[in-house]
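Can you build the whole structure from these sequences, using the hints too?
Heads up: the protein sequence lines correspond to chains A and B, in order. Numbering of the first sequence is given in this note's numbering, commencing with residue 1 and proceeding in unit increments. Numbering of the second sequence is given in this note's numbering, commencing with residue 1001 and proceeding in unit increments.
For the record, the hints were derived by calculation from the structure and aren't laboratory data. Be aware that a few hints might be false.
[What the hints assert, rightly or not] Pairs of lysine-lysine, DSS-like flavour, derived with a Cα cap of 27 Å:
1. K1099/B with K206/A
2. K284/A with K296/A
3. K1047/B with K206/A
4. K206/A with K1207/B
5. K1205/B with K1302/B
Treat the numbers as computed from the prediction; the structure is a model and nothing was measured.
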Amino acid sequence: MKAQKGQVRVITGNGTAAYAAMLCRPDVVTSYPITPMSEVAEQLSAFHANGILDAEMVEVEGENSAMNVVAAASLTGGRVFTATSSWGLAFMYDAVQQASGFRAPVVMAIANRETPGILAVSGGQQDIVSARDTGWIQIIVEDCQEIFDTIIMAFRLAEDYDIQLPVMVNYDGFYLSYLAQAVEIATQQDIDRFLAPLKRQPQRPKLVPGEPLSCGTHGIEIGFVELRYKHCIAMERATTKLDEIDKKFGEFFGRSYGGQIEEYRTGDAEIIVIASGGAAGTAKTVVDTKRNEGIKVGLIKLRLFRPFPRKRLIEALRGKKAIGVIDRSVCFGWNRGPTYVELRALSPEFGVVPMLSYIDGLANLDITTSHIERVIDETHAAARGKPYQEVTWIPLEE
Amino acid sequence: MAQQEKKKSRIFDYFTEKEEQFAGGVAWCPGCMLELTARFVPKVLGKDIVLVGCPGCSAPVFYGQNLGSWHRLTYYSCLMTGVASSATGISRYFRRIGKDVTIVCFTGDGCAADVGFQPLSGAAERNEHIIYICYDNEGYMNTGYQRSSTTPLGASTSTTPAGISSKGKPTPAKNMPLIMAVHGAAYVATATLSHLEDFAKKLLKAKEKKNEGFVYIHVFSPCNMGWRIESNSSVQVCRMAVRTNYFPLWEAENGKFRLTHETTNPRPIQEFTRQIRKFAHLKEDDINKLQQVVNQKYAFIKALCDIGN
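See below:
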């Protein structure tokens, strides 16, 4: 069965996130405005005010409460949605870890933004990097259509009986959050149909008045260890589950994104560039240009950041001659990009080859086509045995 | 007309007829007022309530840390920063599915007045349909008797210890129930264990008023260990707190204040402080300052009550 053709609207990333969330029929929605995602909160409130969004809308007094409201509503049995960015994510840090530890299938959109200093009102992925060990599933998307589709897939993933974990759907703040693109809005009926399999699964455990059941009391001693272990195993399951959901989404809606990673011209590639978010879109055009120049380069768009798509990456990178990794954030204590550091841990399995870390696009600075050309040229040279610099802060070298 | 029987306090019924929700031998200290409050609340509100709590003195029993002695209430545990907000989420979901449930937040003053104050204030302002019960033991008793913003003037705690250059806590307590009342909550009341009938009435009122909006009940709850009082004297300390006007019993229904128990000839504050060793270092002059604080606080609530009359 195929989905009907949806209406195409020119809509911002924030507007898209709100639209997708609304069409997934959440029971409880909350969100505290913060630049650059405030429009998500406004749009959801507008949908609610106009009777389009039939949900409990909670206008909380801060992000910490936003996360507590949705986590508790989720464990009471509801479908929930919230959104935030940067400091907002930092301010809900305790509740974020609690939501995942309690296995609350919250879906949260994040317009990625830098953190330190009040003047860091600018794009960057440092916010989610700082939250990578909170036990959430983290997906990074490239454009507005992917925001829409991924939020729908995120509900299917989070609430799956085998997963029951919260999911962050990340898009570049300032770039995608404010950028209007043509987005095909799937019909309500088709989204209902896509999410329907969740209804046929066993019910999640939930809070029932009068039943002697404690929610969120995470075990002690060996009980605690067991819950931690199960959490880790559920995250492992989320990797292939995302691939399955993405495949089913593709079969039904006609759009798919490769699941954990998207591989672009990687098959016969000698060298690989790795990027995520909007930068991956730019990288695709540069890969095409370089292919025309005769350089056998391919791109891996990292979609799943947590759990880290180890298996898929090893398969895709095995036998490649050099790898250039672009990060829009830093890994403190390593002076490398976080994706780069994580990939290095896998290198014994895909082959010890030159790996180059590029830090670019911090503080709203553009990751331009010429930056990516440089990444490809240097990685290409490294593959041919030329000496190379392991880490490059592109904006500082321009 | 049937012969009128002698009116017996309903309080006895609560203890004889209602099912006990807590096992015996739970891990609270002997003489703990929080324990009596925790046992009493479900007797009045019913066993179908959903409790929401956080780390604190109530936690070891509520969480079931001692697996041998627990309770059988429905319980949601979260962090101190998330009690009123988690209760909001639970309440909103039940509203969404059309289920009438009494949600009861149950925390100490450390959560209510300090680290969990922001979400509490937010929930009160949004007029969420929840009951928030704060057992005020005037400090962080579970972590070793440190001061909180409801610790009274002059009290010696482990972070405001009395010493050569310290007379205990240098500032008076935050008037938490009054702060909650001026949020415009549907119902706010103070209560304590020495006046159980008054407490029970307020709980029943709370259950009714939570259908209109936010309810906050502030329970004066002495801590035998932290305040250094005898384990058999906690109820006496509660009674003396009321008799000295240190802890006046009042309620505010939709912004209308009323004293529910007026003290005739209030006793001097020494009669309260001398039972409690956290005040032992205070000199006459210091006691007089505390008396002034008590007088001012009482005059203020009295004036608010007079507005309505």
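Tested hints:
Simply put, K1099/B and K206/A have alpha-carbon atoms about 15 Å apart, close enough for the 27 Å limit, and the pair holds. A hinted pair counts as satisfied when its Cα atoms are at most 27 Å apart, and K284/A with K296/A qualifies at roughly 13 Å. For a cut-off of 27 Å, the pair hint linking K1047/B to K206/A stands: about 18 Å separates their Cα positions. Using a Cα cut-off of 27 Å, the hinted pair K206/A and K1207/B holds, with the two alpha carbons roughly 24 Å apart.
Taking the CA atoms of K1205/B and K1302/B, the gap is near 21 Å; set against the 27 Å cutoff, the hint holds.
Hint check: no violations occur; every hint is consistent with the structure.
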